[in-house]
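Novice: So that you can map any letter, position 79 of the sequence shown is 647 in this note's numbering, and since no number is skipped, the others follow by simple counting.
Everything labelled a hint here was simulated from the structure, so no lab data went into it.
The beta carbon of each residue, even a glycine, is placed where N, CA and C say it ideally should be.
Careful, some of the hints might be misleading.
[What the hints assert, rightly or not] Straight-line Cα separation of at most 27 Å, DSSO-like style, residue types lysine-lysine; simulated pairs: (1) Lys733 x Lys638; (2) Lys691 x Lys571; (3) Lys662 x Lys725; (4) Lys733 x Lys662; (5) Lys571 x Lys662; (6) Lys571 x Lys631; (7) Lys691 x Lys631; (8) Lys662 x Lys631; (9) Lys733 x Lys640; (10) Lys725 x Lys638.
[Unchecked claim] Okay, the calculated beta carbon distance ranges per label pair: (11) Ser600 x Thr690: 16 to 22 Å; (12) Leu622 x Val715: 17 to 23 Å; (13) Tyr626 x Phe606: 26 to 32 Å; (14) Ile607 x Thr570: 47 to 53 Å; (15) Arg649 x Met609: 49 to 55 Å; (16) Val599 x Gln651: 20 to 26 Å; (17) Leu674 x Arg726: 18 to 24 Å; (18) Phe615 x Thr690: 32 to 38 Å; (19) Gln651 x Phe611: 31 to 37 Å; (20) Gly597 x Lys725: 28 to 34 Å; (21) Leu734 x Thr684: 34 to 40 Å; (22) Asn656 x Leu610: 43 to 49 Å.
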Amino acid sequence: MTKRDLFRVLIKIFGFYSGIITLFSIVPGYVSTLPNDFIPMLFLFVFGMIFLSLLLVYVLIFKTDFIIDKLKLDQGFDEDRIQFENLNNENLLKFAVLIIGGFLVLDYLPSFLNHTFQAFKTKIHSTENNIYTINYFNWISSGINLVLGYLLLTNFKRIASYFNKL
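With the hints as extra help, turn the sequences into a complete structure.
Specialist: Right, here's the structure in full:
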């Protein structure tokens with residue numbers, strides 16, 4: 569494996585993780601801030617931020633050689649090759665998908681359990697002075713991230729082979 573291949577895989581891994589975070593955290597967060605009434609500048613700002621986030625993910629995943637060339641990441645090393653005995657691109661991608669799936673599960677499991685507990689508590693204590701409200705948006709978002717993390721953990725071989733073909 570060359571240094572360029574290593575940087576290519578690392579940038580794609582970061583792009584994949586950024587894509588997951590963008591689609592399931594940033595985009596819903598921006599969309600949830602939109603008011604019911606139409607304010608053109610706010611809509612332009614929100615959709616501009618979503619477009620920039622998705623453009624960054626696209627560049628990280630599909631234009632990795634451009635990034636490596638512009639930042640000169642593969643220059644200045646003594647040797648061009650990295651000697652790993654049994655480590656190839658696909659094995660590294662498998663490891664990365666496992667790490668990303670694990671992070672998603674670890675990051676969003678407490679939030680999902682907290683929202684579930686709060687919803688249960690709100691339903692049991694249905695009084696007029698109830699200070700707890702159910703935040704369905706965050707509850708569903710954390711649930712989707714949990715399912716996505718589970719799918720990444722269970723299908724890491726297929727995902728790694730797909731990204732290795734890109």
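Novice: Does each hint hold? Answer for all of them.
Specialist: Structure-based check of all given hints:
1. Lys733 x Lys638: holds (23 Å)
2. Lys691 x Lys571: Violated, at about 56 Å.
3. Lys662 x Lys725: holds (6 Å)
4. Lys733 x Lys662: holds (13 Å)
5. Lys571 x Lys662: Holds, at about 19 Å.
6. Lys571 x Lys631: holds (17 Å)
7. Lys691 x Lys631: Judged against 27 Å, a Cα distance of about 49 Å means the pair is violated.
8. Lys662 x Lys631: Satisfied, since the Cα-Cα distance of roughly 21 Å is no more than 27 Å.
9. Lys733 x Lys640: Measuring from Cα to Cα gives roughly 24 Å; hence the hint holds.
10. Lys725 x Lys638: violated (31 Å)
11. Ser600 x Thr690: 16 to 22 Å: holds (20 Å)
12. Leu622 x Val715: 17 to 23 Å: holds (21 Å)
13. Tyr626 x Phe606: 26 to 32 Å: Because 29 Å falls inside the window, the suggested range holds.
14. Ile607 x Thr570: 47 to 53 Å: holds (51 Å)
15. Arg649 x Met609: 49 to 55 Å: The hinted range 49 to 55 Å holds for Arg649 and Met609, with Cβ atoms some 52 Å apart.
16. Val599 x Gln651: 20 to 26 Å: violated (47 Å)
17. Leu674 x Arg726: 18 to 24 Å: holds (22 Å)
18. Phe615 x Thr690: 32 to 38 Å: Holds, at about 33 Å.
19. Gln651 x Phe611: 31 to 37 Å: violated (53 Å)
20. Gly597 x Lys725: 28 to 34 Å: Between Gly597 and Lys725, where Cβ atoms are some 32 Å apart, the hint holds.
21. Leu734 x Thr684: 34 to 40 Å: holds (37 Å)
22. Asn656 x Leu610: 43 to 49 Å: Check passed, 48 Å falls within 43 to 49 Å.
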